[in-house]
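Colleague: Residues per chain, in single letters:
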Amino acid sequence: MGGKEISLGEIRQRNTRKVAALFLTPIAILLAVYIVYPIIDTFITSTYQWNGISAAKKFIGIGNWKTLLADSNFWIAFRNNVVIMVLSICIQMPIGLALATFLDFGGKKLTIFKVIWFIPLLMSSVAIGFLFTYALATNGGLVSTVSSWFGGGNIDLLGNPKTALLTVVVVMCWQFTPFYMVYFMAAFTNIPYDVFEAARIDGATRGQYFWKIAFPLLVPSIKSAAILSMVGSLKYFDLVYVMTGGGPGTSTELMATYMYKQSFSTFNMGYGSAIAGGMFILISMVSLITMKILNRNEEA
Amino acid sequence: MGIVYRGCYHLLIINTSGSSYRKQKLQGGKKMKKRMARLTALSMAALMTASLTACGSGGNGGSGGDGSEGSGGSGGDKEITYWNIATEDVDKDIITKAVEEFNSNTESGYTVTSIPTQNDTYKEKLVVAMSSGECPDMYSSWSGGPMFEYIDSGFAQPIDDLFNKSDIKNKLMEAAVAQATYNDHIYAVPYLNVSLAGVFYNKEMFDKYNLKEPETVADLENICETLKKNGITPFALANGSKWTGSMYFMSLAARLGGLEPFQKAVAGEGKFTDECFVQAGEKLQEWVKAGYFPDGVNSLSEDDGQAKQLMYQETAGMLLCGSWYTSTFATDSKEFYEKIGWFPFPAAEASDADSTIQIGTVGDQFISFNCEGDKLAAAFECAEAHLSDEMIDFMTEKGKVPPVQGVEEKVKDPVAKEIVEAANSAPQIQLWYDQYLPPAVATAHLDGLQEVFGLTKTPMEAQEAMQKAMDDYLANKTE
Numbered sequence: 001m002g003g004k005e006i007s008l009g010e011i012r013q014r015n016t017r018k019v020a021a022l023f024l025t026p027i028a029i030l031l032a033v034y035i036v037y038p039i040i041d042t043f044i045t046s047t048y049q050w051n052g053i054s055a056a057k058k059f060i061g062i063g064n065w066k067t068l069l070a071d072s073n074f075w076i077a078f079r080n081n082v083v084i085m086v087l088s089i090c091i092q093m094p095i096g097l098a099l100a101t102f103l104d105f106g107g108k109k110l111t112i113f114k115v116i117w118f119i120p121l122l123m124s125s126v127a128i129g130f131l132f133t134y135a136l137a138t139n140g141g142l143v144s145t146v147s148s149w150f151g152g153g154n155i156d157l158l159g160n161p162k163t164a165l166l167t168v169v170v171v172m173c174w175q176f177t178p179f180y181m182v183y184f185m186a187a188f189t190n191i192p193y194d195v196f197e198a199a200r201i202d203g204a205t206r207g208q209y210f211w212k213i214a215f216p217l218l219v220p221s222i223k224s225a226a227i228l229s230m231v232g233s234l235k236y237f238d239l240v241y242v243m244t245g246g247g248p249g250t251s252t253e254l255m256a257t258y259m260y261k262q263s264f265s266t267f268n269m270g271y272g273s274a275i276a277g278g279m280f281i282l283i284s285m286v287s288l289i290t291m292k293i294l295n296r297n298e299e300a
Numbered sequence: 001m002g003i004v005y006r007g008c009y010h011l012l013i014i015n016t017s018g019s020s021y022r023k024q025k026l027q028g029g030k031k032m033k034k035r036m037a038r039l040t041a042l043s044m045a046a047l048m049t050a051s052l053t054a055c056g057s058g059g060n061g062g063s064g065g066d067g068s069e070g071s072g073g074s075g076g077d078k079e080i081t082y083w084n085i086a087t088e089d090v091d092k093d094i095i096t097k098a099v100e101e102f103n104s105n106t107e108s109g110y111t112v113t114s115i116p117t118q119n120d121t122y123k124e125k126l127v128v129a130m131s132s133g134e135c136p137d138m139y140s141s142w143s144g145g146p147m148f149e150y151i152d153s154g155f156a157q158p159i160d161d162l163f164n165k166s167d168i169k170n171k172l173m174e175a176a177v178a179q180a181t182y183n184d185h186i187y188a189v190p191y192l193n194v195s196l197a198g199v200f201y202n203k204e205m206f207d208k209y210n211l212k213e214p215e216t217v218a219d220l221e222n223i224c225e226t227l228k229k230n231g232i233t234p235f236a237l238a239n240g241s242k243w244t245g246s247m248y249f250m251s252l253a254a255r256l257g258g259l260e261p262f263q264k265a266v267a268g269e270g271k272f273t274d275e276c277f278v279q280a281g282e283k284l285q286e287w288v289k290a291g292y293f294p295d296g297v298n299s300l301s302e303d304d305g306q307a308k309q310l311m312y313q314e315t316a317g318m319l320l321c322g323s324w325y326t327s328t329f330a331t332d333s334k335e336f337y338e339k340i341g342w343f344p345f346p347a348a349e350a351s352d353a354d355s356t357i358q359i360g361t362v363g364d365q366f367i368s369f370n371c372e373g374d375k376l377a378a379a380f381e382c383a384e385a386h387l388s389d390e391m392i393d394f395m396t397e398k399g400k401v402p403p404v405q406g407v408e409e410k411v412k413d414p415v416a417k418e419i420v421e422a423a424n425s426a427p428q429i430q431l432w433y434d435q436y437l438p439p440a441v442a443t444a445h446l447d448g449l450q451e452v453f454g455l456t457k458t459p460m461e462a463q464e465a466m467q468k469a470m471d472d473y474l475a476n477k478t479e
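Those sequence lines, one after another, are chains E and P. Take the first sequence: its letters are residues 1 to 300, numbered as in the working numbering. Take the second sequence: its letters are residues 1 to 479, numbered as in the working numbering.
Bound-form chain P, shown alone (with noise of 0.2 Å):
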């Protein structure tokens, strides 16, 4: 909207200058018209600032209006403001009802008052509340690296006592608590969803045809070449919002090296041009020249759903993506839901790399503090309010799977169960790459991969790319 209305503001400062100008024309007078001349160029001037401002600060104004909204980052002083992205259903119901079980039950005398913002929205605004001196008390995040940056910027504090003390230590996994840790030190309570990278398929069309689960990435391959066979594109997929590429591969990338290339090159003691990447990017364009991806595939918009429509026409037969999907499928329709596999990627037979190794998220949601003290106390106690027997029960029934250990006995669902098991046999459950790393890596990485997609780039270039933004990171960093 504010960009709408600002081009309307230009046009209308252009306008009368334009017009005005005319009819100075036709009086014709010399001085005058040189007058405007110059009028008009400072008016140009002064709509060009405009654009420019517009774009530097127009967050400013906006987060303005948010943090008066929401009394303020430490408005009240009984009051806890609490960020996070739950606007919708499931997620919605969960945070309400967690906070109102703090507030009815705390003896600590603070309440907690929920913000829900537009998850597309929400990190911007995150962003500008924090520069503007409104950072919410409590908010959730996705972990890696903007919560390393808000860490380091100073606007979470480290919760390793409230922790240690509390019974949600033993509740939590390990990989979860891990993914809230940084420099030794636990940040944040992750509370929502268990998210691995896998296989989605469907089950008939492989009975159809004879197919099962694959062992090894040729035998993916081969299932591959049997659908592509019967004009079925092997692997749904809608690149244009370029992470949902990432998935492909990171998972290759960790059969085929592990995860320890990875972790050295983010510690800068390796480089993002080690083979198992490019290795992976090759794989990756062995597979779009030989048609496993729809066509199209960089213009295709995940958010738009385009990638799970082709599995619902049936015109694809398997998508490899978070496994949030399972309730997706559940949500969208009962009776695609029943034809769904999983499987998690098959291990590279090439390599010796632990194929149990996992590439996904435990936790999905992770609340960081902005507090101190007795506030930070009653907000922590909030949070643990969201991993109560009774918000596990209520979570798991609504398809979530929160990271705690033993989950997987309440999980139902037979696909979610078998997420659950994967994520449990996993020895490392590496966080997505774009989540993880520096933004600034994690955008390289992600152009770079688009553009191997899209056969514009070779491999070894895309990770060149990536690797000199891990180089500007650690150099900016280190000074």
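Excised from the complex, chain E in its bound form (with noise of 0.2 Å):
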């Protein structure tokens, strides 16, 4: 066998790889296609001039990413991306830890709550954006009629510059806060219960098991839920299209929501397809960004 002797070990390894490889084939050819694919073709497509449907495409190099570039709409919505990721952060994952407390403090006599406060993360975001228009509307409206009770007028939220992206977040708050709060809840149970019978025994308040004992081992999961968050944020779509479309003028329009007015409604395919291009770009950075962050924190 001119010294070409297999141990055993070795053919198991091969075999494993080959098992590996012939698991692992499916997924990667469907991420080929619908991820890897689109991608590329997303970046082509963004150097050309093209509505969409003609057959006949222009290469105009860089053109549409320089248009990108100076496009003052783009950086609106990218800005409103980050107000949405910011408050996003500050609001939903405050609230649903704390929520995720309570009913980890205590237990199954309020399972109730869990139901209740869970609901929101079951129903269609299309669905929601509805019921908040109808419940938000200036006429006969919810806030509007609270209003008026006590002699205010009638309270125009969406349709006003100033307060309509306010009022989105506020709508996805709603929304998305029982996530983290099952988020944290899932984390909860990943803390051995002797830890908390440990500090109990050793005197610790619930107060100071809270803060000392349980948010520290909470730390990785929040990280995890704050990175979630910020990509859900920044590629957000489906509320603010339905709720105001982006309006009034460019003051709740978002990335997404304006790539999809560029490739689809304008029929500017290419320029959409910059867009697309440059929201991946950002996403990425700004999500590896952070990571990198939070990774040398926690390293120190």
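Just so you know, these hints were derived from the structure itself, not from any lab. Treat the numbers as computed from the prediction; the structure is a model and nothing was measured. Every residue, glycine too, gets a C-beta built ideally from N, C-alpha and C. Everything hinted at is true.
Derived DEER-like restraints, expressed as beta-carbon distance ranges:
{"no.": "1", "chain 1": "P", "residue 1": "Q313", "chain 2": "E", "residue 2": "C90", "range": "37 to 47 Å"}
{"no.": "2", "chain 1": "P", "residue 1": "P427", "chain 2": "E", "residue 2": "S148", "range": "47 to 57 Å"}
{"no.": "3", "chain 1": "P", "residue 1": "G291", "chain 2": "E", "residue 2": "T290", "range": "45 to 55 Å"}
{"no.": "4", "chain 1": "P", "residue 1": "T315", "chain 2": "E", "residue 2": "A56", "range": "46 to 56 Å"}
{"no.": "5", "chain 1": "E", "residue 1": "K292", "chain 2": "P", "residue 2": "Y312", "range": "52 to 62 Å"}
{"no.": "6", "chain 1": "E", "residue 1": "G140", "chain 2": "P", "residue 2": "Q118", "range": "20 to 30 Å"}
{"no.": "7", "chain 1": "E", "residue 1": "S148", "chain 2": "P", "residue 2": "H185", "range": "52 to 62 Å"}
{"no.": "8", "chain 1": "P", "residue 1": "E269", "chain 2": "E", "residue 2": "A56", "range": "23 to 33 Å"}
{"no.": "9", "chain 1": "P", "residue 1": "D161", "chain 2": "E", "residue 2": "T25", "range": "53 to 63 Å"}
{"no.": "10", "chain 1": "P", "residue 1": "Y312", "chain 2": "E", "residue 2": "S148", "range": "14 to 24 Å"}
{"no.": "11", "chain 1": "P", "residue 1": "G291", "chain 2": "E", "residue 2": "T205", "range": "58 to 68 Å"}
{"no.": "12", "chain 1": "P", "residue 1": "E372", "chain 2": "E", "residue 2": "I289", "range": "53 to 63 Å"}
{"no.": "13", "chain 1": "E", "residue 1": "T67", "chain 2": "P", "residue 2": "G268", "range": "18 to 28 Å"}
Quick one: dock chain against chain with the hints and give me the complex.
Modeller: The structure is reproduced here in structure tokens:
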């Protein structure tokens, strides 16, 4: 065998590799077809001036990208995304954590709250959008009605460029806070009960237990939840599309809604692709930087 | 649905990477930790991409399904696919009847399959179908900018020869044919409805306050004042949908300066900053400040019927919109419908523009053709079937005003009759701006105008933005 002896272990390893390759092929193909290829294609399309339907595309190199850099609407949209991102993290996570803590301390008798609080997450975004458009309607909506009980006039939240974005953020928080609640509840169950018992035996109050023991143990979950929320906010689309369509003016325009409008409503597929590419780069950058910062803090 | 699903998918990825990341932490292996961090980064990148492609090519997946359902664009040899938006009652009955008539009487050997699609997603679906080579053989559109775009991209064939040989040539209103024409060729068959921008008003309310139909814009403003004094909102407008506000703008601009400034601006010979446009915007802001529109006008949604609700509650007196509202009122409430009167937008006293010019669509639905030879002839025959005498009777019975000559005699409804008369006596009928203009310009117009209504932009700023979009469009076009 000329020194080419193969040990049993090696055969085993080779077989494992073969099987692994076999099992991974389907998902690899799926990823390639539905994720990798479209991304590449998006970047290619972004170098053309194309209306999305005609067979003739005109190659314009980085023309779309130049326009994108100078496009104030895109940067307004990006800013709106960042506002949503910051507010989402600042509002959803603390509330989610508070609810989860409450449920964790309360045990089984609070199951009813668990169910009720989880409901918003079960509804489709479009339904929520419609629901809140009615609730916030200027004439006869919930907010206006309450305001008129106290002698105030009608309040126009969604039609006013100053309040529209905040209003949408509030609705988003209503929808997604339960998600973080569940997320943190799961994190709580990862903390062994022994830890709690030990702390109690050592005389820790519930408050001390939470701040000194549970919270530090939850930090990794909080970090990943923050990243989750960040990415979700940066690529957000549905509620805004249903509730305001990006308006009034550009006050609630997001990168994703802007991309959709450019690609499909105004027959500007090439430019729409450039926006998608811009989103891709911006979101990747923001999340990679954030992850880097979070991880560094941990090592220190 | 798609978006929601994708959302979950992301969550899933992050979720798992997050928790395994945590486990690694506990084990404390530094190398492992690094690798995990890198893995997390990679999975982050992967899901980011998923989000983009979702938007970038999400539609494609959908269209594939549609294509196969409809046996594709050029599927069966003897089958003609016909896309339209007739998913609901009246329109559905009309198309079904026309298609059946064609299928049972034709000698061409072809059969037409009608594939109705929800209005909301129709334009997007059509775009996706065209870009993926699944364009239907015949499809209806609203004419204007998007139709010109389809034509320029080669998805609509000129039908001059067929049209000139056909009886519908003498049947259709001239204005209808004009709206189906592009670069001196006829590309579509209009069939469904004549709709003009005009003012619907509550007759009882007008009687109560001794008001009569206005002759001039000043009269109209007096009416508004009277209504306002009596605690009634003069105009029911839901401008969350943006195009609804454009009705007011188009009407004012046409009365102030006629159609010439608009036509010149579109041709690149004039500007959208022409004074008739700016003045129209200024007038609207004056009206907003005077409280002629409902509170929160920019957040009310036309699609949710929030404008007509104000009319039904009788908290608003007038509504300026397309005359399809006649049938909306009639379907919603017979009783309320009895109270409704209509007048075309009144003349501007300071202007010598022809006040019989109208804004509107003469046909509403325009059938275009993406096939050739015998197939085109057969498809055209099917389009003709939409305009047979029997069909015209049927449509008028259903409350439509098909764009054919002499239809005023068939229309019995008094309001609809007035509208047809206005259409007949109009020297020109301009298609809605947002439909007629190139889509990018239309968007600039609608977005700017909404801000004019919200008082966050001056009319001049809005018009400059519109002109800039037009300049960009023309620059690309000539390149």
